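Undergrad: Sequence:
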Amino acid sequence: MRVATWNINSVRIRLGVIKSFVDQYQPDILCLQEIKTEAENFPHAALDNMGFKHRLVRGEKSYNGVAILSKVPLEISDQLTFVNGQARHISARISNGMELHNFYVPAGGDIADPEINSKFDMKLKYMEEVANWFQHNRKASDRIILLGDINVAPGKYDVWSHRQLLDIVSHTYMEKYYFRKILNSLNFIDAVREFVPHHEKLYSWWSYRNKDWKLSNKGRRLDHILITEPLKPYLTNYDIFKSGRDLASTSDHVPVIIDLQR
DNA sequence: ATGGTTGGGGTCCAA
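Numbering (this note's numbering), first residue to last: -12 to 249.
Among the hints, a few may not be true.
In silico DSSO-like cross-links for lysine-lysine, where the CA-CA straight-line distance does not exceed 27 Å [to be verified]:
1) K58 - K143
2) K229 - K23
3) K6 - K23
4) K143 - K6
5) K205 - K163
Rather than coming from a laboratory, the hints here were simulated on the basis of the structure.
Here the structure is a predicted model, which is why all the values come from computation and not from measurement.
Work the whole structure out from these sequences, hints included.
TA: Below is the structure:
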């Protein structure tokens, strides 16, 4: 089973690039973040035509919003709301006993100080509540996938320059502390790093604000797929659709993919 | 130190 996560930065304007990705990678489950639409305006027909007969959508107007698109049946699970009422989480149970949690963690604004930037404060609190929820409501022996745009680059080699980004939101010690708390809540495994050594640079996002994203290559790994220990034996492959960043009118994030083989 | 770009909705906010 192939599972992918993609911050799509508006689902309605990206149907073309979603089709390109789906044709090339054939994911069984595609989790989207930042769909930027209310559920009633979600482009169900177009995604149904791409083979996703099962869809769970939690949207809001203009901002945020998440969706799970699937070729295999889904059963809606919790829709968690932390810190504020925003649409940043949706989850589903899959027939083989797995539970999938799709998150869009707050970006946190520009200033990395919770005292003067309420958005950064909200991000830290959000991550703390995610960690607490898993610790209290699930077990490390459960089969759980936690994925999405976590908006944290946790490792030195998850950013283009560790030194230059130490005080930049997404790579501060505070955010890395709470990322670690989420990992520790159920002993999650960072699936992609099972395949790529920690000293190799790896990104899933490149800003729009560069003339040539590939030339400057100032990327960060903000999108993650975490799995609990019972799923580790099934993890056979990963991919990051880096060339997708070159598609016309695409998101600033690219899809991150894993394969779980039965 | 600053500005660079994108999307949504509505003449600005969030990323």
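Undergrad: If a hint holds in the structure, say so; if it doesn't, say that too.
TA: Hints versus structure:
1. K58 - K143: violated (36 Å)
2. K229 - K23: Within the cut-off at roughly 23 Å; holds.
3. K6 - K23: holds (18 Å)
4. K143 - K6: The hint is violated at about 33 Å.
5. K205 - K163: Distance of about 19 Å is within 27 Å: holds.
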